[in-house]
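*Asks:* Residue-level listing of the chains:
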Amino acid sequence: MTDFLNDWGLTLVTFVPLAGALVMMAVPAAEEKALKQLALLSSLLAMVIGGLLLIDFDYGNAGALQYLVDARWIEVINSRYILGLDGISLPLMALTLVVVPLCVVYSWDHIPEPGNPKAFFILMLILETGMVGTFVAQDLILFFVFFEVVLLPMFFMIAVWGGENRRYASIKFFLFTLFGSALMLLSFLALFFLSTDPATGESLRTFDMRVLSDVAGAGILGATQIWIFAGMFIGFGVKVPMFPFHTWLPDAHTEAPTVGSVILAAILLKLGTYGFVRIAVPMLPEGAEAWAPWIGLLAVIGIIYGALGCLAQTDMKRLIAFSSVAHMGFVMLGIATLTDFGINAAIFGMVAHGIITGMLFFLAGSVKERYHTLEIRRLGGMLVQAPRMGWILGFCSMASLGLPGLAGFWGEFPAILSAYSPAEGLPVETFRTYMVVAAVGTVLAAGYLLWLLQRTAMGAPREEFADSDEIVDVTRTEWISWAPLLVGILLFGLVPGLIFDVTDPAVVGLLANGG
Amino acid sequence: MLGSVSTLVVAFERPAIDWHAIAPELTLLGFGALLTLVDILWLERGRAVVSALASFGLLASMVPVLTLAWDGADRSTFWGAYVVDDYSLVMKAVFLLAGYVVVLLSTNYIAEGDYWENEYYQMLLSAVLGMVVMASARDLVTIFVALELLSIPAYLMATWRKRDLRSNEAGLKYYLMGVFASAVLLYGMSLLYGAAGSTMLVDIDAAISGDGAPLAVVTLGVIFVVVGFGFKVSAFPFHTWAPDTYEGAPTPVTAFLSVASKAAGFVALLSLVFVGFWGRADVYQPLMWVLAAASMFGGNLMALRQTNVVRLLAYSGVAQAGYMLAPLAVAGESLAVADDALSSVVTYLAIYAAMNLGAFAVVIAVARRTASAGIDTYKGLFRYSPGLAVAMTIFLMALAGIPPLGGWFAKFEIVLALISPATAWGVVLGVIVAVNSVIALYYYARIASHMWVEAPPESADFDTTTPIKTPTSVTAALVLTGAATLAFGILPQWVGHFTDVTLVATLAG
Chain P
1 MTDFLNDWGL TLVTFVPLAG ALVMMAVPAA EEKALKQLAL LSSLLAMVIG
51 GLLLIDFDYG NAGALQYLVD ARWIEVINSR YILGLDGISL PLMALTLVVV
101 PLCVVYSWDH IPEPGNPKAF FILMLILETG MVGTFVAQDL ILFFVFFEVV
151 LLPMFFMIAV WGGENRRYAS IKFFLFTLFG SALMLLSFLA LFFLSTDPAT
201 GESLRTFDMR VLSDVAGAGI LGATQIWIFA GMFIGFGVKV PMFPFHTWLP
251 DAHTEAPTVG SVILAAILLK LGTYGFVRIA VPMLPEGAEA WAPWIGLLAV
301 IGIIYGALGC LAQTDMKRLI AFSSVAHMGF VMLGIATLTD FGINAAIFGM
351 VAHGIITGML FFLAGSVKER YHTLEIRRLG GMLVQAPRMG WILGFCSMAS
401 LGLPGLAGFW GEFPAILSAY SPAEGLPVET FRTYMVVAAV GTVLAAGYLL
451 WLLQRTAMGA PREEFADSDE IVDVTRTEWI SWAPLLVGIL LFGLVPGLIF
501 DVTDPAVVGL LANGG
Chain R
1 MLGSVSTLVV AFERPAIDWH AIAPELTLLG FGALLTLVDI LWLERGRAVV
51 SALASFGLLA SMVPVLTLAW DGADRSTFWG AYVVDDYSLV MKAVFLLAGY
101 VVVLLSTNYI AEGDYWENEY YQMLLSAVLG MVVMASARDL VTIFVALELL
151 SIPAYLMATW RKRDLRSNEA GLKYYLMGVF ASAVLLYGMS LLYGAAGSTM
201 LVDIDAAISG DGAPLAVVTL GVIFVVVGFG FKVSAFPFHT WAPDTYEGAP
251 TPVTAFLSVA SKAAGFVALL SLVFVGFWGR ADVYQPLMWV LAAASMFGGN
301 LMALRQTNVV RLLAYSGVAQ AGYMLAPLAV AGESLAVADD ALSSVVTYLA
351 IYAAMNLGAF AVVIAVARRT ASAGIDTYKG LFRYSPGLAV AMTIFLMALA
401 GIPPLGGWFA KFEIVLALIS PATAWGVVLG VIVAVNSVIA LYYYARIASH
451 MWVEAPPESA DFDTTTPIKT PTSVTAALVL TGAATLAFGI LPQWVGHFTD
501 VTLVATLAG
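So the sequence lines, in the order shown, correspond to chains P and R. Residues 1 to 515 in the working numbering are what the first sequence spells out, letter by letter. Residues 1 to 509 in the working numbering are what the second sequence spells out, letter by letter.
Bear in mind the hints are in silico, worked out from the structure with no lab data behind them. Please note that a few of the clues may not be correct.
[As the list claims (entries may be wrong)] So, partial list: chain P residues that the calculated Cβ filter (under 8 Å) puts toward chain R: (1) E75; (2) F144; (3) V145; (4) V495.
[Unchecked claim] To list a few chain P residues with every Cβ distance to chain R over 12 Å, as calculated: (5) T129; (6) F156; (7) G180; (8) A290; (9) G309.
For glycine and all other residues, C-beta sits at the position ideal for the given N, C-alpha and C.
Input sequences plus hints: build the corresponding full structure.
*Replies:* Here it is in structure tokens:
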């Protein structure tokens, strides 16, 4: 079993969803039930394989890449098919493998207009392959391809199943992210040509991420590193999204169908922050050091701006979208400190934000289905009409604002704390200022989330919905798809070591190369 | 007087001909002649078989290409004017296969339109013959003969819908512009001959590379030759014929022009740059830089406003020509860079052939229902003909360069070649390529969202409820090009292995 997992585990977990999608293409669209079952089956199969990988994973050695696959791929450019799983990839891969089946379950009886479950599920499975692949790829070109594979399905998910303004939102999403990744690719190529072997001084001409983070930018002048980092900064920063590249996000989230929003918030945004942690920071340490204060600045601007944006929103979904900008700001602040403490916090923040915000978007979707509106002004009294849903909303809001004991806390608090003592060479006073500003951000977060809760869940139901029989409490499919996330919020909040213990060795190892 | 003539007569001796090396051309020629015979002998009855015969001829010509590739040795015949190496073989294969796909696309179109079928396929075969010759030509005269051999049938094919005004306009514009370009080209060639005293590209390189070469003559010669081919590859600002010709010509012919004919122009440019002009990077690099940047921006910006898919593809073709010209702007930096640049353009040509022919295959299939190529007629295609909509999306996104579809690797190779010398000019052009990919995505995605997002037009004068039936041959073309587009994107080594070629190695030795 272990041998099999070693050789095939990661390949299978990446491509099983794609295989499922291919099988589904052959099934006629009229067979809706079979199609749904196939989609669920393939995403569950991927989850089971992922589970086996998690069980078999050598946690004592979480800093090393495990289940390594290294095969020929594109020889003419010396790019190889390298997959590997370490403590940084593991939580994010697990998150993906859990969220996608939940989305399939949720979509069971919630296929958004204009229907066509076949295409909807096929796109979702292709997305899963792209996302899992990005987290386990250990070759820059392979990473790039997986990173881009997610673009098309997400574009169509928003464009076809989205809200009224979907055309604008989908194309904006597409253009922004493609612009970022085009520049990112240029940076990858620069790394390819400029990285040298520190021992011999020869050009490496490799895309192997293991080698590139080992040499950590050796042979590349500091000034050049700054330029190369800038390309990645835009590429990953658009995806995160960092202020000022964030403008696509509220539009995309608002227009996307529920499941699209969930996947976008829970996983797609993490591709950007993961890129910073895995590629930009370890491979270009000098570039990272030069940019870190600016990243920190944009991160805290994001925190405050996102929070203020939330306070101004009248639409529940848009509010959650803006809260993502703020939360990803905390993640980026953690990364900007360039310390193992900060980056651990960032990875925790990614997972926590993935679960919590994913859950909030699920809720928004269900609210929209019941009330046919997400205008906060028109909602109210959810605790009376659908008490369980109201309580879940309360629970998730508390988690999102960083209440200790719930998952959100461990992403936010250590990230703020890490800014107190950033890595050597970074301006301490600047980062301490960021720390204070970020702390103010948490207060604002509490403000907008509690206000949201007060306006939507508390009070008496509005007249127009008072007698609506569409407003029912949490349904069975909703319970099934939500329960794992709710458990996760509580579990990771109570036992944060579950994630920290896995990520820490890998983060320490990754940062050690540069020093 | 008489004495000198007699020495000339005596001096002629037949060159030793390597028959294996020219076997693909001979096969093609044989099938062209066979088509003529079938036409003369069987008359009307022959019409049933000509299309099959033409496609068989193209595939049969692949056999000697494969045996030559298997043999692996570089061959040179006609005193070195005709060279068979990996580079020419891979391009010959591209031309022959592209020609085959064009035959598949033409079969129903030409038969149903009651056009002159025999003549059409004869023209097609002779045009492909010209291209195949072009791939091996290493001498100015051979290049020119090959160019005319492929152009003149192409002029005729563009006007094939004889009773349609637009088709006449298309052919006439193409002809006038093409002849003008040929004249410019010939003038440039005469200047180069004047400077070098030889028409062989290798000799030209030797003669113009040294300091002693007259700079003005060489510069003018290079510029004129490049401009002449600039028309053929429809580079900005020599692209003006392309949109009108593409729109008016029969769509299969448009597919042929936009892929095969453009590729033939590139093959000539590549041979010229990498063999003939290679030593004069100071002359051709700036020229290529400007042409490439102008074509990318010009083509993409004009494509944004198009309302007709064929015209849009014409302008996108201008931009694609810009991507392919870009590596030539750094080609002279070093031998290694030259190899990267050449491989990248050849890779691009091969992948571009698959994805662009595929896009035209969908246009042809859809036009059978809508009788139009207006972008608006693509609205709601996904609802009533999902297969074609998915195929079109694949081809368009491949053209945009979105992984994992073929186009990404093509663009990647281009950018790799641009960055490899680490010069400021190269990097800036790389950034321009990146920016243009984003601009281009906008109009490709616009068609995609028409197909997927919009509802079918209500007042349409065509049926929007049943799936469009595609003829078998068009389906075959779709499957072939679609499979190639996907395979090249997921396993780029399949194409990269063959397109990893060199030309400058012969110079360095």
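*Asks:* Look at each hint and say if it fits the structure.
*Replies:* Checked hints:
Taking 8 Å as the C-beta contact cut-off toward chain R, the hint placing E75/P at the interface holds, the least distance being around 6 Å. The interface hint given for F144/P is met, as the beta carbon of that residue sits about 7 Å from the closest beta carbon of chain R, less than 8 Å. The criterion of a C-beta within 8 Å of any C-beta in chain R is met by V145/P, whose closest approach is roughly 4 Å, and the hint holds. Interface hint status for V495/P: violated, as the beta-carbon distance to the closest one in chain R is roughly 38 Å, over 8 Å.
Once the 12 Å rule is applied to beta carbons, T129/P is inconsistent with being away from chain R; the minimum gap is 10 Å. A cut-off of 12 Å between C-beta atoms contradicts the statement that F156/P is not in contact with chain R; the least separation is 6 Å. Against the 12 Å criterion, G180/P falls within the reach of chain R, whose nearest CB is about 9 Å from its own CB. No beta-carbon of chain R is positioned within 12 Å of the beta-carbon of A290/P; the least distance is around 19 Å.
With a least CB separation of 26 Å from chain R, G309/P remains clear of the 12 Å interface cut-off, as annotated.
Hint compliance for this structure: hints 4, 5, 6 and 7 are not met, and every other hint is.
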